[in-house]
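Enquirer: Spelled out, the chains give:
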Amino acid sequence: MRFALSEDQTLLQDSLNKALADLSPLDRVRRFADSDACSAPDIWAGLAELGLPGLMVPEEHGGLGLGLLEAALAAEALGRVVAPTPFLGSAVLAPLALTLAGSDEQRSRWLPKLASGEAVAGAAISEPIAGAREGAGVSADGGRLTGKSLFALDAPGADLIVVADRKGALHLAAAAETAEIMPSIDATRRLGELTFRDTPAEALASNQALERLRDAAWVMLAADTLGAAQAMLDKAVAYAKERKQFGRTIGSFQAVKHLCAEMAAELEPARALVWYAAYAFDHAPDEAPLMAAHAKAHLSEIGRFVARTATEVHGGIGMTDLLGLHYWFKRIGQNRQLLGGPERVRETAARLQGLIPA
Amino acid sequence: MRFALSEDQTLLQDSLNKALADLSPLDRVRRFADSDACSAPDIWAGLAELGLPGLMVPEEHGGLGLGLLEAALAAEALGRVVAPTPFLGSAVLAPLALTLAGSDEQRSRWLPKLASGEAVAGAAISEPIAGAREGAGVSADGGRLTGKSLFALDAPGADLIVVADRKGALHLAAAAETAEIMPSIDATRRLGELTFRDTPAEALASNQALERLRDAAWVMLAADTLGAAQAMLDKAVAYAKERKQFGRTIGSFQAVKHLCAEMAAELEPARALVWYAAYAFDHAPDEAPLMAAHAKAHLSEIGRFVARTATEVHGGIGMTDLLGLHYWFKRIGQNRQLLGGPERVRETAARLQGLIPA
Amino acid sequence: MDLTLTPELAAFREEVRGFLAAHADEYEAGAPKDPKAWQKLLIANGYAARTIPKAYGGYGAEPDILKSRIIAEAFIDANAPRGMAGQGISMLVPTLLEVGSEEQKTRWIPPTLNGDILWCQGYSEPGAGSDLASLQTRAVEDGDDFLISGSKIWTSTAAQAQMMFCLVRTEPDKPKHEGISYILFPMDTPGIEVRPLKTMTGHAEFNEVFFTDVRVPKANVVGGRGRGWFVANTTLKHERGMLGDPNATEARLKALIELMASETVDGQRIIDNPVFRDRLMQLQARVFSMKFNGLRTMTDETAGLARMIVKLQGCELNHQVAALAIDALGELGILYHDGPHLRAKGNWQRNYMFDLGLIIGGGTAQIQKNIISERGLGMPREPKAVEA
Amino acid sequence: MDLTLTPELAAFREEVRGFLAAHADEYEAGAPKDPKAWQKLLIANGYAARTIPKAYGGYGAEPDILKSRIIAEAFIDANAPRGMAGQGISMLVPTLLEVGSEEQKTRWIPPTLNGDILWCQGYSEPGAGSDLASLQTRAVEDGDDFLISGSKIWTSTAAQAQMMFCLVRTEPDKPKHEGISYILFPMDTPGIEVRPLKTMTGHAEFNEVFFTDVRVPKANVVGGRGRGWFVANTTLKHERGMLGDPNATEARLKALIELMASETVDGQRIIDNPVFRDRLMQLQARVFSMKFNGLRTMTDETAGLARMIVKLQGCELNHQVAALAIDALGELGILYHDGPHLRAKGNWQRNYMFDLGLIIGGGTAQIQKNIISERGLGMPREPKAVEA
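Chains as they are written, first to last, in the numbering used here: chain A, 4 to 361; chain B, 4 to 361; chain C, 170 to 557; chain D, 170 to 557.
Heads up, some of the hints might be wrong.
Stated by the list, open to error - Pairs of lysine-lysine residues, derived as DSS-like cross-links and limited to a Cα-Cα distance of at most 30 angstroms, are as follows: (1) 553(C) with 238(A); (2) 460(C) with 238(B); (3) 345(C) with 553(D); (4) 367(C) with 244(A); (5) 345(C) with 244(A); (6) 553(C) with 244(B); (7) 460(D) with 238(A); (8) 343(D) with 553(C); (9) 247(B) with 367(D); (10) 367(D) with 244(B); (11) 274(D) with 223(D); (12) 244(B) with 345(C); (13) 345(D) with 247(B); (14) 553(C) with 244(A); (15) 553(D) with 553(C); (16) 345(D) with 553(C); (17) 553(D) with 238(A); (18) 244(A) with 553(D); (19) 343(C) with 244(A); (20) 367(D) with 238(B); (21) 244(B) with 553(D); (22) 553(C) with 247(A); (23) 553(C) with 247(B); (24) 247(B) with 343(D); (25) 116(A) with 21(A).
Hints were generated in silico from the structure; no laboratory data involved.
Start from the sequences and build out the full structure, keeping to the hints where you can.
Expert: In structure tokens, the structure reads:
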């Protein structure tokens, strides 16, 4: 029994971090953020070379066949450099949906393409998880979808969309009638507003697959925040060791040191929670939903704390565009709200334990 | 227009602080706390000389005829030295109940005695305000009371008790069938568990008097916490200026300074809130209930913060009985829960603004 | 505590209300139709530049905090625009009044008040930050002039301003607080370059300004050579006080309550969610506290500490109000820039970020806590570190 | 990540469970009927003093974190009492094993392990506090003995203990960390006075101990004269690690959930109050985090920082769990000592206060943050202050 990453997992983490440092440096992030592009083909191609799009695709369909813990490590690595790339929808949710609820034919048709990165998939599952806003929601009738789905992940420009309808049943659609980018604080990942109007779609077998997607997504968002927050702490510490004020490096002031210590003290246990939530998804399905909820909610809270505190340690310069710190701040802020803010997710956590009367 | 204490009010405050420093020094508090006494006759007599028991009793009945703002200043002064004495029940709630809802005969019979301090009154109003625990609650039938009331203020040893029944109607009882002290964290004020069994009582006219009592009590508890918390901050600052560690006074460490600054930053605006809540009770009845609720809830929260932080600034010695700091810590803790913890009080604040559907 | 108006003040309030009603067609949605004309009208009636002597283009009234407050409230109630603000009017003018020469006063105050000259402030430097007094921008003597070289940061309105008031180091050999001068110069002087400074909100609320041998007459120094640190500090206090304005916070809380009462998730109003409602009530108690604290600081001479905490607590509270709005909006809370689902033009997110900037700017929260503990509570200063 | 048990470990778990079932009549409600007999039984079976060599009265097993964990869990599940703890077993014994002489080991370890000798710890002093190394208790040479004078504070079990292990200053002229020795002596030596130290909980969890010319042979020094600071530090680390035990926190959270599900106000269960429930869920996430962090620190060699934060976060979390219990209980939450309405013997209030003491004791939160930032994050130490 060992609560630690395996050698393979550490290797995966290291190689991802190294590759992403080259693929997604700050100026590349900036170029993407300032553009209207739906994806960064150079980064996507580089990630495809590492097998990232197929991380969770079974080996028989050309993927690496790894688990959610490996995906969490990838999410953490992507968050660490605020990588402007599809991932959650295309490399996690769509492969999971197909594996859990797709027919053999559907899997054979899509999984190889997703694994190679040739196709990108989006996931439109917000309404049944985070609640419907603005009258959104999709209805299914005889192989056709009608309605709107907001905050669809990796959806703008996708070749395939996994759609959850109002009742929580899953569908595969090649495209929506219209797919608009929803401008949000985080310019490193695109969210879609999808409109369906009698749009053809294939049903996926529905054996609580949406709940598994939700759990996986919650863990991924938590892991992304973990990576981004760790990066912000690292930057704050590095800056505090370098920057001088009043004749001293500011990192020698107790106030600054304690802010950094508080960030570290929050992040270390949170890392263990994220790891375990991902492990449970793979190996302890009874515990998985509760752990996923706690990981999502808790990382949302401490992510906000770290984002704010690391910015404060940087002083005025942290507020500007110069160091680009705000890309991390906003990525953490967006992860917090996506698929339900922490308050809503904690309600689910309570319900999962029978602490809310049905 | 002036948001400040008047000269008379400042004078009252000063004379109370000075008198209480003599009447209620730490060793006197300790002696009371270690005893089973219901009151400290020496302190009560000293306060009576200053007119404190009759602060809110109209002048025609021998009192000072002052308002709730003056009573708040008194509560603050009492909290500042954790004075072991009846006050809220006897000097605020009972005179208010009689003034608001008593007959001429009832007023004439009781107010002069209360004003002089010859009689002490308790107030048993917890259940309709804070909610019923343990099946407590009092029912009235034909001039007789039956049931239990918990957490009755100033009640053990009292000569007169103002009782709110389950429906919120008020009664005057000379005594309960039994009145047991409820041992609580705060040993400077006695709470009573009262049992009524067909106990004779006089009805008071019921024109929403209970709501006024509630508002007054909430402001008083907030003011008591304000005084106790200010005293804890003062002690922490004084200790930090004196105590040396690592070759420096600990008050020169940024960590310690910032803890003290945070306490001051919380207390100063809270003081203005308490003053205004008391002022509104006297002069702006429309605003009074909301302000009382906010004062009670907010002082509960920042009181807890200050109690904990001031103890931390003292280090280990703050945890011991040596400096007696815990009397202040516990008084603040008890004020927080009495007549409803902050969560419950905030619900009332929301309801008062129509933010909760009826 | 006497919060009722005297008959005189009540009459004054009617006067202000009457003025606003009479001129209601000259403004719309909180903005004047002709800003300069509006400014002149306000000055003429004593609703702007109220206490500035007539000789310098003001209205010439005695200072009266209560009347000022009545004016402020009446303008808020009517959603009428106040007079021009800006750093020239709120920081330079008080400075000139206090320490400027007669020539400087008559030359600069009137056109500043009536809006003909817009100023920007050159205080902070990239290398200095919280340690403002360590500024490095140099003014080297050259005959009757100084030649200024260096750079400034956090300069708002630098691109629009005609003039700058600026801190420069004129005596490099003196201790750091004694070698600084406060000087005025036109922004079109050769050698000045302005570069916009984009912040996390995506907007360039600030600029960097670079100086290369910018020639400025020595006569443009205000308050005496080498006295700049002390000259600047008198007005910095004004700025710090402004940064936690409780009226603005109260208005935001009102907007938040309206948001929570009108928005729904799955058809349930957000205000009916007890967890969000509880947070709202916590913030409301703080908003009231800061409001009354503000009233107190204006009329209670014992409120020294109460004044000192306004910036720290006020900016934090604004940030928390914005945070609750974002959280209450759920996924909608992350929308920004534009789009059909955006609420309040994205101002909740913008405030959330900009207010964090205000927590940091104008004296970081850490510096504020130093000030409160040292000046407010009399705690010892940080001991001087041994030079490494 | 591999959280499944190997067949060997699974078998070991069955063995432990079997032992506890077989001896279930020797304990009751988490306490042994005969503490010394129970202690001996545990040592004989390897469930106490497990890794201490047989020569010194232990069981003599190889260290194995997983087996230790299996033992811990099995005892919790069975509500069976662990072996004796106390500062002698958990702090003195490891110290003697590391730096004691052979004579010291054979003389003191066996009777300590089997419960015949109870120890108390003499580290902290009233004047020293967080700055432990500045301790003043003096040991003056007198032939083959030292004469010890001074005082200690925060000494638990001083009234019951037969022996003390103590830090004293033997070389007053050396730098403060180099003049300290670690020494052992009986508590009935003439010149020792013990005074109970009552804390805010109302109980005397600690004592002060006063020394007047207490005669102790030089041979009782452990680890070499002047080496006491380094000797003590090896075991202080153990103490700090123990102060945030996540198993204990998890048990308290479980009790809190039961409390909230069973208590009612006006007939409504507290757990059905969404505001309290939300706080409960926030704490539960933290409890799980600390639990998994604890597992990680035992098996992940990259978990240095994760170990360093345990005391800070664990003690705070315990305090917060107690705070929620008090709040959830409403007015009942303030009851203490006794009375018919008291819940859980007043332990929620007692923990609330005692846990605050633990946040302060054993290295205050401020000291912990210094350690985390300096040793964990590599930030610079506080510069030495210029002597005033």
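Enquirer: Would you mind marking each hint as holding or not holding in the structure?
Expert: Here's how the hints hold up against the structure:
1. Distance restraint check for residue 553(C) and residue 238(A): the Cα-Cα separation of roughly 28 angstroms lies within the 30 angstroms cut-off, and the hinted pair is therefore satisfied.
2. A distance of roughly 28 angstroms separates the Cα atoms of residue 460(C) and residue 238(B); the hinted pair therefore holds under the 30 angstroms criterion.
3. A threshold of 30 angstroms between alpha carbons decides the hint, and for residue 345(C) with residue 553(D) the separation of about 23 angstroms falls inside it, so the pair holds.
4. Distance hint between residue 367(C) and residue 244(A) is fulfilled; the C-alpha atoms sit about 25 angstroms from each other, no more than 30 angstroms.
5. The hinted pair formed by residue 345(C) and residue 244(A) meets the criterion: a straight-line CA distance of about 24 angstroms does not exceed 30 angstroms.
6. With a C-alpha separation of about 17 angstroms, the suggested pairing of residue 553(C) with residue 244(B) holds against the 30 angstroms cut-off.
7. Under the criterion of a C-alpha separation no larger than 30 angstroms, the hint pairing residue 460(D) with residue 238(A) is consistent with the structure, at around 28 angstroms.
8. For the suggested pair residue 343(D) and residue 553(C), the alpha carbons sit about 26 angstroms apart, so the restraint of at most 30 angstroms is met.
9. Between residue 247(B) and residue 367(D), the direct Cα distance comes to roughly 23 angstroms. Compliance with the 30 angstroms bound is thereby established for this hinted pair.
10. Between residue 367(D) and residue 244(B), the direct Cα distance comes to roughly 25 angstroms. Compliance with the 30 angstroms bound is thereby established for this hinted pair.
11. A distance of roughly 12 angstroms separates the Cα atoms of residue 274(D) and residue 223(D); the hinted pair therefore holds under the 30 angstroms criterion.
12. Straight-line distance between C-alpha atoms of residue 244(B) and residue 345(C) comes to about 29 angstroms, which keeps the hinted pair within the 30 angstroms bound.
13. At most 30 angstroms may separate the alpha-carbon atoms for a hinted pair to count; residue 345(D) and residue 247(B) meet this at roughly 16 angstroms.
14. For a cut-off of 30 angstroms, the pair hint linking residue 553(C) to residue 244(A) stands: about 19 angstroms separates their Cα positions.
15. Note on residue 553(D) and residue 553(C): the hinted pairing holds, with a Cα-Cα distance of about 9 angstroms set against a maximum of 30 angstroms.
16. The straight-line distance between the Cα atoms of residue 345(D) and residue 553(C) is roughly 23 angstroms, inside the 30 angstroms bound, and the hint therefore holds.
17. Pair hint residue 553(D) plus residue 238(A) holds up; C-alpha atoms about 26 angstroms apart against a cutoff of 30 angstroms.
18. Only pairs whose Cα atoms come within 30 angstroms are accepted, and residue 244(A) paired with residue 553(D) is accepted, the gap being roughly 17 angstroms.
19. Annotation: proposed proximity of residue 343(C) to residue 244(A) holds, straight-line Cα distance about 29 angstroms (limit 30 angstroms).
20. A distance of roughly 20 angstroms separates the Cα atoms of residue 367(D) and residue 238(B); the hinted pair therefore holds under the 30 angstroms criterion.
21. In summary, the hint linking residue 244(B) to residue 553(D) is supported, as the alpha carbons are separated by about 19 angstroms, within the 30 angstroms threshold.
22. Taken as a hint, the residue 553(C) and residue 247(A) pair is honoured in the structure, with Cα atoms around 15 angstroms apart against an allowance of 30 angstroms.
23. Our distance criterion of 30 angstroms between C-alpha atoms is met by residue 553(C) and residue 247(B), whose separation comes to about 17 angstroms.
24. Straight-line distance between C-alpha atoms of residue 247(B) and residue 343(D) comes to about 21 angstroms, which keeps the hinted pair within the 30 angstroms bound.
25. Of the supplied pair hints, the one linking residue 116(A) and residue 21(A) holds, its CA atoms being roughly 26 angstroms apart against a limit of 30 angstroms.
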